[in-house]
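Protein sequence lines, in the order shown, are assigned to chains Z and H. So that you can map any letter, position 257 of the first sequence is 701 in the numbering used here, and since no number is skipped, the others follow by simple counting. So that you can map any letter, position 315 of the second sequence is 364 in the numbering used here, and since no number is skipped, the others follow by simple counting.
Just so you know, the hints here were simulated from the structure itself, not pulled from any lab data. It should be emphasised that the depicted structure is a prediction, and the values quoted were computed from it without experimental measurement. Possibly wrong hints are sitting among the right ones.
[What the hints assert, rightly or not] Only pairs whose alpha carbons sit at most 20 Å apart, straight line, appear in this in silico SDA-like list of lysine to any residue: (1) Z:K696 to H:F207; (2) Z:K696 to H:R367; (3) Z:K585 to Z:H571; (4) Z:K585 to Z:E530; (5) Z:K696 to H:E215; (6) Z:K594 to Z:D651; (7) Z:K585 to Z:E676; (8) Z:K696 to Z:G493; (9) Z:K585 to Z:G487; (10) Z:K594 to Z:E530; (11) Z:K696 to H:E94; (12) Z:K585 to Z:A486; (13) Z:K696 to H:W365; (14) Z:K594 to Z:L497; (15) Z:K696 to Z:E579.
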Amino acid sequence: MRVCVVGCGAIGSLFAAHLGQLDDIEVWAYDPAQPHVDAINAGGLRVSGVSDLVARVRATSDAGEIPPCELGVVAVKGMHTESAMEATAHAFSDGAVCSVQNGVGNEEIIAEHAPRVIRGTTFPAGHIVEPGHVEQDTGGKTWIGPFEPKPASMEEVEALAEALNRGGFETLAMEDARGAQWTKLIFNAATNPIGALTGLPHGVACDQPALRALITGLVDEAKAVAEAQGIELDSDPDELVDHGREVAYNHKASMLQDVLARRPTEIDQLCGGIVRFGRESGVPTPLNETARALVKGLEHSWTVETPEEGAAR
Amino acid sequence: MGIERICVIGSGAIGSLYAGHLGGSGVAEVCVLTRREEHARALNEQGLRVTGKSDLHASLTAASEPGELPDFDLGIVATKATDLEETASRLEGRFPGAVMMTVQNGLGAEETMLRHGDWRLISAVTFMSGNRHGDTEVEYELDTSTWLGPYAPTETPFEVVREVAELLIASGLEAEAMPDLLPAQWSKLIFNAAVNGVAALTELPHVSAFASESAPSDLGHVVHGLIDEGVAVATAAGIDLHDDPWEMNERAVATGETGHGDYAHLPSMLEDVLARRPTEVDAISGALVAEGERLGVPTPLNAAVRRLVRGKEMSWRRDTGAASTPVEEVRK
């Protein structure tokens with residue numbers, strides 16, 4: 445079986461490296477970062493931290509080199525899904541493609557380029573240490589299931605889960621993976637913009653009753669949307685918030701890291717997704733709308749020149 | 050009442066604009082209370098120059114200690130809302146015959162003053178803006194008006210308010226005396242809560258995006274939502290707004306207030322954020338939320354903005370290792 449990981453950042457590298465442990469699977473990785481690609485091809489893809497392994501992976505920054513694949517795993521940031529799928533679609537003309545990205549809306553984009561789509565949610569996290577080397581910071585499960593509007597078969601979903609499990613990456617194949625996806629979506633959509641807009645680490649924000657109440661407000665709106673969509677959540681996202689405070693007190697949300705580096709954020713896939721589905725179901729989401737607009741405004745501010753000295757009003 | 054001696058309390062951009070105009074035009078004898086001693090010294094030695102929309106030079110008496118100030122008839126209290134409590138306590142027991150005019154953003158400045166003295170008060174809001182260039186020069190940027198009215202509980206005669214307005218106008222500033230300032234004060238409060246809060250969090254100057262509502266994701270929806278909450282609170286408080294805050298927002302971004310389309314004003318709360326100073330969010334958004342609670346009008350969006358701005362203040366206090374005060378719910 446041949447699998448191509450599209451987007452070999454921290455998350456994509458974790459998938460590629462675990463799949464790369466298996467002799468019966470040929471793993472390709474597509475990523476635009478040439479130094480990362482070169483390092484992987486020269487010395488293998490290395491994962492340290494929670495996992496410790498080196499994997500043989502064929503990496504390329506030229507999508508044209510990717511041969512036809514049975515399976516794809518998309519791990520690019522949400523704003524790059526369209527361009528990444530456009531570039532790699534030829535490799536999946538008869539394949540099933542799985543999103544393991546944050547938020548919602550990515551599967552819809554993938555479905556425009558691939559015949560069969562798998563919905564996925566993954567909890568492990570990591571960061572790139574140097575080209576070819578990723579540190580896995582946290583473990584956790586991955587949930588995958590057919591994306592209903594353009595579903596992959598359960599056989600394909602199970603084949604991917606089986607391979608990942610065999611490679612040491614715990615994965616559950618499910619008929620309906622929306623519960624896991626929305627649980628993580630709601631957690632991320634409620635906590636990421638708080639970090640991005642205030643600059644506070646997760647635990648510090650949670651310790652402020654006023655901000656903790658705002659997080660619950662965001663969670664409650666999104667829960668109502670999930671309920672209206674007939675989605676049964678895996679667990680209470682509000683409890684995940686408290687759990688996150690315990691295990692990752694000083695963690696800066698990925699959206700805050702994006703803001704500090706002035707990179708586009710995934711707010712459209714998080715709060716934006718909740719707003720969109722809320723509209724579809726007639727559920728008001730004023731706090732998520734506000735959070736989305738404020739973060740978009742913050743991104744916009746990086747393109748606007750701020751006067752050196754201002755005026756009072 | 051024959052106002053001849055005026056003290057400007059607080060010498061930031063707004064205070065400097067009052068002091069420079071009133072002193073430079075010669076309509077009154079002007080003294081200034083500064084926070085820093087070297088600022089007072091510089092003003093005593095060099096006076097205060099006004100550039101930009103005015104061209105004036107004022108000779109002033111300045112001091113950083115209230116005890117060193119000469120007596121005065123009118124005090125213009127122009128500190129930031131966040132510094133008012135401390136300033137008012139330093140004035141306690143002094144200048145009992147003076148009329149004090151508060152020009153702070155938000156609500157509650159008058160009550161703060163009255164906790165420290167039984168002065169007669171004038172309520173005021175100002176739309177003008179300026180940029181300080183060092184300690185002895187202020188650039189007059191937006192030549193928009195100061196609105197003032199009697200603060201009813203202290204029974205300040207309207208005649209006195211009119212006299213102050215005439216003095217301001219004679220000095221080259223724009224001013225309008227109103228028998229009841231509350232409708233104007235609330236228009237500005239609601240406008241500031243929305244525009245300053247969004248600017249502080251997005252770090253955007255007051256650009257046209259603040260009034261844009263054509264796409265579902267436009268920032269104008271948030272600004273409008275914040276304003277709608279404020280208008281609902283004002284309505285419940287029985288206030289018939291002087292200006293529609295949404296129209297104020299549209300006007301401000303349409304013309305850039307200076308008539309230049311590419312100009313975007315930097316709201317003071319964004320200025321504070323960029324300088325990592327405490328903001329006036331409690332006096333502005335916090336006041337609106339508190340009034341909403343008192344009147345039973347929900348203000349979830351204004352509450353969210355206030356919580357986020359307070360959180361943002363906390364993040365840079367953490368960065369500098371300074372003591373953190375919690376993100377409280379109750380305004381001081």
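We went through each hint and held it up to the structure:
1. Of the pairs offered as hints, the one joining K696 of chain Z and F207 of chain H is violated, with about 55 Å between alpha carbons and a cut-off of 20 Å exceeded.
2. The straight-line distance between the Cα atoms of K696 of chain Z and R367 of chain H is roughly 14 Å, inside the 20 Å bound, and the hint therefore holds.
3. Distance restraint check for K585 of chain Z and H571 of chain Z: the Cα-Cα separation of roughly 17 Å lies within the 20 Å cut-off, and the hinted pair is therefore satisfied.
4. With a C-alpha separation of about 29 Å, the suggested pair K585 of chain Z and E530 of chain Z falls outside the 20 Å cut-off, and the hint is violated.
5. In summary, the hint linking K696 of chain Z to E215 of chain H is not supported, as the alpha carbons are separated by about 55 Å, beyond the 20 Å threshold.
6. At roughly 43 Å between alpha-carbon atoms, K594 of chain Z and D651 of chain Z are farther apart than 20 Å, so this suggested pair is violated.
7. The straight-line distance between the Cα atoms of K585 of chain Z and E676 of chain Z is roughly 18 Å, inside the 20 Å bound, and the hint therefore holds.
8. Simply put, K696 of chain Z and G493 of chain Z have alpha-carbon atoms about 19 Å apart, close enough for the 20 Å limit, and the pair holds.
9. The hinted pair formed by K585 of chain Z and G487 of chain Z fails the criterion: a straight-line CA distance of about 28 Å is larger than 20 Å.
10. Proximity of K594 of chain Z to E530 of chain Z is assessed by CA-CA distance (about 17 Å); at most 20 Å being required, the pair is judged to hold.
11. Taking the CA atoms of K696 of chain Z and E94 of chain H, the gap is about 50 Å. The hint is violated against a cut of 20 Å.
12. Taking the CA atoms of K585 of chain Z and A486 of chain Z, the gap is near 30 Å; set against the 20 Å cutoff, the hint is violated.
13. Simply put, K696 of chain Z and W365 of chain H have alpha-carbon atoms about 14 Å apart, close enough for the 20 Å limit, and the pair holds.
14. Simply put, K594 of chain Z and L497 of chain Z have alpha-carbon atoms about 35 Å apart, too far for the 20 Å limit, and the pair is violated.
15. Distance hint between K696 of chain Z and E579 of chain Z is fulfilled; the C-alpha atoms sit about 17 Å from each other, no more than 20 Å.
Consistency with the previously given hints fails for numbers 1, 4, 5, 6, 9, 11, 12, 14, ordered from lowest to highest.
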